[in-house]
Amino acid sequence: MFLRTKSLFLCLASVLWIIPLSLSFYLPDANPLLSFNSQVRERHLYTDNHRRGMYLQMTLDGRVSGSDAQTSYSVLELKSVKPGHVVIVGKSSSLFLCVDDAGRLRGQGLYAEADCTFRELLLADGYTRFLSSHHGFPVSLASRQSPDRPAVPFTRFLPIRNTLMEEDDSERAAGSQKHFNMDSDDLLGMGLDSMVSPQFSVDQ
Amino acid sequence: MQSRPLPAARPGLVLSILLVICGWDEATCSPGEGRRIWQQPKLDPVAKEQAFLHDTFPSEFLWGSGTSAFQTEGAWLQEGKGPSVWDHFTHAHAGAAATASVASDSYNRWQEDIGALEYLGVRSYFFSLSWPRLFPDGNAGSQPNAAAVEHYRRLIERLLEKGIEPVVTLHHWDLPQVLQEQYGGWKNSSLVDLFDEYAAFCFHAFGSRVRFWLTLHNPYVVAVQGYGTGVHAPGETAGSPGSLMVAHNMIRAHAKAWHTYNSHFRSAQKGKVSIVLGSHWVEPQRGKATGANVELCQQSMEAVLGWFASPIFGDGDYPVSLKVKYGALLPTFTPEEKLWVQKTADFFALSFGPNSLRLGQDLVHYGQTVSPDLRRILGWINVEYGNPRVLVAEAGWFSEASVGREDTVAIYLMKSFINQVLQAIRFDGVKVFGYSAWSLVDGFEWNYAYTVRRGLFYVDFSNPNRTRTPKTSAQYYRRVVRDNGFPSDEASGPVTGHFPCDFHWGITDSAVQVKFFPFSPQFTDPLLYSWNLTGDGSLRPVPGVKLHTRPAQCTDYLAIRDHLRLFASTGASHYRFALNWSLILPHGDRSNVNTEALRYYRCVLTELQKLDLDAVVTLYYPTRRAPHLGMPGPLYDSGGWLNYSTVEAFQEYAALCYQELGPWVRYWITINEPNRLVDIYSGDKQMHGAAHNLLLAHAKAWRLYERDHSSQHSALVSLALHADWAEPANPFLESHTAAAQRFLLFELGRFLDPLLETREKQSKGGYPQEMKAYLEERARVSGLSESPLPTFTETEKAELRGAMSFIALNHYTTHLVSPYFHTSATSQQKSPDHGCMILSDPSWPSSGLGQTLVPWGLRKILNWVSRRYGRALPVIITASGIDDQSPVEDKLRQHYLKSYLQEALKAHKLDGVNLKGFYVWKLQDRHVPQFGLFTSTQHQSKAKASVAVYREIIARNGFPNEATVQTCRLRGLHESCAVCAWMFRNKALLVFGACLLITAVMLAALVFFVTVTKRHRGRRRRRRRRVPVCLCPYLSQ
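So the protein lines, in turn, are chains A and B.
Residue numbers for the first sequence follow my numbering, so the first one is 1 and each next one is one higher.
Residue numbers for the second sequence follow my numbering, so the first one is 1 and each next one is one higher.
What the hints contain is simulated information worked out from the structure, not anything from laboratory work.
A virtual CB, placed ideally from N, CA and C, is assigned to each residue, including glycine.
Take the hints with a grain of salt, since some may be wrong.
No farther apart than 30 Å at their CA atoms in a straight line, the calculated lysine-lysine pairs in the DSS-like style are these [claimed, not checked]:
1) A:178 with B:42
2) B:48 with A:178
3) A:178 with B:916
4) B:916 with B:764
Covered by chain A, per the in silico footprint, the following chain B stretches (three or more residues, Cβ under 8 Å) [stated by the list, open to error]:
5) 319–331
6) 369–377
7) 804–817
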């Protein structure tokens, strides 16, 4: 009996799972069901040639460059928007990775579908190539001095799972940013602490 | 914050340089520069520039307080006053209770206001003239109301007599009703000229005695609330078009009045004229200063402050963002007007209070976070408008009417605001020259009428006398004004010196995780397997073969060595960890003893011993999250600590641990933080009952050790209390001091008094007298027959007394304590049995989990314990630490360790507290960065930066002066080898003596050699002459 109700519940649950998937275009990042799946992948994009390896990074001013080490600026969020197409967002800069008519990469705050979606091509060697859906340019960290070279270097990327911890200051400030209740006479929120011992209450 | 700090020594020179820079470099002062404020990186809460600043204000700083005419004067029809728009508005919209017809009656009681100013000791009084009182018809061309002119003249004269500078506002929202009816108020541009005439009259009538004029007060609120939303008088709801027109006219009215003063009065009167502009402040959403967020922040500021400040202090025109937002709705300045409006203020006057902040929050936050940060808005004004001189003309918050004169929270808001101004002056180079704490007396608070209070002086509006009583915030402000800021107290300077040589440098851990799995099964599995490599790849035991296994060893538990290696690398000498009661005795009695677990613990202890480290073991370590509060399930089910049988079960458990682990343990903690454990129990009776049983359990465990083990192993036994310091929230109220003291007795005295002799003679064992008396009184008041506090029998008292070998305190932070009062937020809750409420000072730096960093609290609690229980017993801080979210650079914790140990040293050196140890909580994070000195195993157990800090302090055994040598180890050597010491002392003499000896020996040897050789030669010669010759006679000589 118990088993049957359980399987019924599972059935229902799976239906509930399918409904939102089939109806929506893509699921928002904040969906609690999806916290462990890879709808939004947090990755570093590693690229190399025989001499040098580097990570694609996007700084706050929107500049895109290569960095020798993983930094908070090289943490990128890859979101799939339709089959085979992704949008790449810098985690700490919140800027979209976009490519202009000349094939130059930059980060911009405003999402433009033509410039900021990429086709994700998985290569046989495990690397991935990102091609601008609209312009067809590959995402590359090569400086553009030699456009006529047959194969543009630094276009193959290895998405590496992000294991960097949040050392980022702004991220920490976010956690500690206070909420000020303007309607209260206790504006700075000094009231109603409770006695909390880290050993007794915080520790598990 | 900013690259131009103002050295106090030569402000004039720096000022002129700054002006030159501003003149040259257009970029530093151009509109939009304010963005820099958000773009610069945020500082740590413990950075010097960010922490509470102990410093004084520049001399001649203009301390003040203020009121406005309509809010306080009352006398709405007295002596020829005409009605204002606010009189009309309140009489039409609200009942008689919500009008300002009498208000604080300042028109008649102005001398009491001056008395209040004298009490504060301020140097200035910000007040406003009532336009309808001076000109009932609003027309300054007509004859003024003589009584009103006389009133203000008298007020100004008396202020000057008392040495108080009048700072006079011409118009604080109370427009003559006639002008509203005749012209439509500020919507009509005729008001520009009417205001100018009125201003000219005021300059003429009072200007000879007034140095600071403020034309309009916070025109933003008038434009938006008065003409846009209709919340304020005159209550028009014309929306943005109305507001924009009103603001335009008000800006032009101000400019015109300024020009009038500038061309007709300035040369004779030498005063300064400005306009008070109010604003909110915004921080980027979630603290993320991305380009988009910064842009929105800037737009939000431009929509409020920039609306008025940009024409007057900037380029003479509205900000571009406003032009974009409103388009054709926004009135325009002609090029001539721009030049005419621009630079029509002699200084910047800012209003920062609930009116503007709430409006900003409701209307123009643009998705960003509105924040009451006075320092940052001053910094923004500084860069946006080219470093002007700034007067904070209104600053403060409000209290609920029910708060009365004990306005504790207001003190801390004031402290925070004033300190932010000080930081802006000292670190950001903002030229603030005055501060007006708003307001002087309670008054009519506009649309909130009398439901909120903003006065430093309390006024009972039901009392016809309207007596002004200083609130505690007035007492606080008086102190700040007297000290001219926040001078640092003498005691806060660092001391040098070291801790005693036998000081415990420790690290505390929670219950050690028992990981049974041996490192490799090959030593425990006696079977031999065959591997079916080509087939299914399985392992099959070979039948009939038995291998020799070796007995289990401690080295099998690899986790122990790794863990202890981390500990040892810090240089600490004492490791405190807890046993898991429910693991060792799953049934709660000795019917089932988990010998494997005991073996594991023994391994930990022997490994520690091999490393020459001391162990401090906690028997019972309850936590909120542990199943059954960390005790064996059956005991928990039978009532836990409410059941006396648990006391006996604990004794049994303690006996087992003493017996099994005794040889390796130097210090035992029976129960960790029983004072937090009892919080779990709901109901006074249960809580006190649990505390009672916990105390008895400890005492029995202690007696047991004394009786059976102390002769053999001589460890010390105690219980560890959670001991945060409690500071009275309001320093001016007796009741708060009493509450803090009571709180400490409930927290610590409840457990320590029964165990230790207190210094007070009347103590006869058992719970503290004050606690008993308080609970009896409380029971009586609430109609209960008896106090919920149980009593000890005489045998129990005897068993308890002295059952503590050292005082163990877990100290983390400090709280503010006030007597419990009901607020809207607490109305649902029952007041706790100690009748105290816990608050925290917002100026204390705090961690991610909200723990505040208050080093001096440690010294205070140590002194409190020392005073109450004497210095005979050693005191050990058995846990202390703070959470820090940084995985490696844990600046907060580094600061915590340094500052707390510095205070511990003060307690030891200056106060003579018998402090014997300090244990950092804790060794390693479990998951995310929190309290650990090392990151969790998932994050490779990396040492955080504070490990190096702690190691350094341990190595130097405190904070010794560079010159003094640490003598702990040397002394040990000297004692063991007296001869060595003597040699060490006389080494110069010894070396000299040795040299002398060697020289002498060599000389002797030479002499001997020469003599021998000579004789030898002589003998040869002789031998040559007469051969043979016998050697024997020579030798025999």
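Hints versus structure:
no.: 1; hint: A:178 with B:42; result: 14 Å, holds
no.: 2; hint: B:48 with A:178; result: 20 Å, holds
no.: 3; hint: A:178 with B:916; result: 38 Å, violated
no.: 4; hint: B:916 with B:764; result: 28 Å, holds
no.: 5; hint: 319–331; result: violated (count 0)
no.: 6; hint: 369–377; result: holds (count 4)
no.: 7; hint: 804–817; result: holds (count 4)
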